[in-house]
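Residues per chain are reported as follows:
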Amino acid sequence: MSATPRTDGLVIAGRELSSRLILGTGGFTRLETLGKAIEVTGTAMVTVALRRLAVGGDAVHGSLMAVLDAHHVGVLPNTAGCYTARDAIRTAQLAREAFRTDWVKLEVIGDERTLLPDALELLAAAEALVADGFTVLPYTTDDPVLARRLEDVGCAAVMPLGSPIGSGMGIRNPYNLSLIRDQTKLPVILDAGIGTASDAALAMELGCDGILVASAISRAHDPVAMARAIRAGVEAGRLAHGAGRIARRRYAEASTPDEGRADLA
Amino acid sequence: MVISVNGDRTEIASGTTVAELLNLLEAPDRGVAVAIDGEVVPRGEWIRTEIGEDAKVEVVVAVQGG
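Quick mapping for you: the protein sequence lines, in order, are chains U and P.
Residues 8 to 272, numbered by this note's numbering, are exactly what the first sequence covers, in order.
Residues 5 to 70, numbered by this note's numbering, are exactly what the second sequence covers, in order.
Simulated from the structure, these hints should not be mistaken for lab results.
Hints may be right or wrong, so weigh each one.
As the list claims (entries may be wrong) - Pairwise CB distance ranges (calculated):
id, chain 1, residue 1, chain 2, residue 2, range
1, P, 6, U, 232, 48 to 56 Å
2, U, 239, P, 60, 45 to 53 Å
3, U, 185, P, 6, 51 to 59 Å
4, P, 30, U, 76, 18 to 26 Å
5, U, 108, P, 54, 22 to 30 Å
6, P, 60, U, 251, 54 to 62 Å
7, P, 48, U, 90, 29 to 37 Å
8, P, 8, U, 81, 29 to 37 Å
9, P, 19, U, 229, 49 to 57 Å
10, P, 60, U, 107, 20 to 28 Å
11, U, 229, P, 6, 44 to 52 Å
12, P, 21, U, 21, 35 to 43 Å
As the list claims (entries may be wrong) - Covered stretches of chain U (in silico footprint by chain P; criterion: 3 or more residues with CB under 8 Å from a CB of chain P, positions within the stretch not fixed):
id, stretch
13, 28-34
14, 94-101
What the hints assert, rightly or not - Counterexamples of contact, computed for chain U against chain P with all Cβ distances above 10 Å:
id, residue
15, 22
16, 109
17, 118
18, 212
19, 268
Bear in mind that the values here come from a model prediction, so they are computed numbers and not experimental data.
Ideal Cβ placement from N, Cα and C applies to all residues, glycine included.
Model the full structure from these sequences, guided by the hints.
Right under this line is the structure:
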C-alpha cells in the first residue's frame with residue numbers, strides 16, 4: 008500500500024502553486040528568453056507590471072500576454088514604481104481590471120536609490136487593499152515587526168527582501184529572515200536580492216516557502232542556464248530544510264570511530 | 005472635444021466611449037486598464053462610459069516587471 012505522493016506546492020490564500028519559484032518578468036531582453044526561463048524554472052506564477060500604452064506604439068505589449076498564456080502561468084501584477092499608498096491602491100485596482108485577478112504584489116517604494124519599501128505607506132496600502140477584497144502579497148523589509156503588522160492587517164503572505172531590488176547582494180540578514188519565519192503562519196517568500204543559486208538555496212534552508220526572482224535570471228550572462236541553477240537551488244534548499252541540518256559546532260567531531268585503530272607504532 | 009490621453013492632448017468626437025477610444029488607440033485586447041480622472045473604469049463599463057470634455061484618461065498595458 009503506497010501513500011499518495013505528497014505534493015510540495017506553495018499554498019497562498021488557499022491556492023496551490025506547483026512551484027516555489029515565482030519568476031519576475033523584468034529585465035529579459037527577449038520574450039523568447041522569458042518563455043524559456045518559464046519552462047526551465049517550472050514556475051507557476053510570474054509578475055507583470057502596468058505602464059502607459061505608448062500611443063501609436065508597436066504591438067509588443069500584446070506579445071507579453073501571449074507568451075504568458077502560451078505557458079499557462081498565473082499572473083501576479085505588481086505596483087512597482089509607486090511611492091504612495093494612494094498610487095499603489097490605484098495601480099492595484101487597474102491591475103485587477105487588466106488581468107482579472109485580485110492578487111497583487113504590493114510595492115510601495117520609499118527611496119529612489121535603494122528602492123527600499125516605505126513601511127508606513129506599505130502598511131496603509133495593504134490594509135486598504137485587503138478591505139477592498141485583494142489578496143495582498145507585500146514586498147517588505149526584513150523587519151519582523153513590520154511583517155507581523157502586515158499579517159495583522161490580513162495580507163496573504165509576506166515577501167521580505169534579502170537585499171535591495173536588483174542588487175544581487177543575497178540575504179544580508181539571515182537572522183531577521185529566521186525571526187520572520189518563526190513568528191508567522193503566513194507563507195514567507197524571499198523577494199529581492201537573490202544573485203545566484205546559493206542565495207535561493209539559503210532562503211529555502213532558512214525556512215522560506217518560496218522565492219521571487221527576476222534580475223538574477225534575466226540579467227545573467229546566460230539566463231536560461233541560471234534559471235536552471237536557481238530552480239535546483241530552491242529544490243536543494245527545500246530538501247535541506249526538511250532534512251534538518253546538524254548543529255554548528257566550534258570544534259571538530261570525528262565521524263570515524265576512535266576505537267579499534269591498528270597499532271602501527 | 006479635447007481630452008488628455010496618457011498626458012497627450014487628444015481630439016475626439018464628443019460622445020466617444022472608453023471602448024471606442026481603445027479601438028482608436030489600437031490598444032491590445034488583453035492586459036489593458038483605464039482610469040479617468042484618477043478613477044478606474046471597470047472593464048464592463050467601457051462600452052457605456054462616455055468620455056467627458058477635458059477628461060484626463062490613462063490607458064495602461066501589461067509590461068515586463070519584477
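Right, here's what the structure says about each hint:
no. : hint                     : verdict
1   : P/6 - U/232: 48 to 56 Å  : holds (53 Å)
2   : U/239 - P/60: 45 to 53 Å : holds (49 Å)
3   : U/185 - P/6: 51 to 59 Å  : holds (58 Å)
4   : P/30 - U/76: 18 to 26 Å  : holds (20 Å)
5   : U/108 - P/54: 22 to 30 Å : holds (28 Å)
6   : P/60 - U/251: 54 to 62 Å : holds (58 Å)
7   : P/48 - U/90: 29 to 37 Å  : holds (30 Å)
8   : P/8 - U/81: 29 to 37 Å   : holds (34 Å)
9   : P/19 - U/229: 49 to 57 Å : holds (54 Å)
10  : P/60 - U/107: 20 to 28 Å : holds (25 Å)
11  : U/229 - P/6: 44 to 52 Å  : holds (51 Å)
12  : P/21 - U/21: 35 to 43 Å  : holds (37 Å)
13  : 28-34                    : holds (count 4)
14  : 94-101                   : holds (count 3)
15  : 22                       : holds (21 Å)
16  : 109                      : holds (13 Å)
17  : 118                      : holds (17 Å)
18  : 212                      : holds (23 Å)
19  : 268                      : holds (57 Å)
The structure fails none of the hints (numbered hints given earlier).
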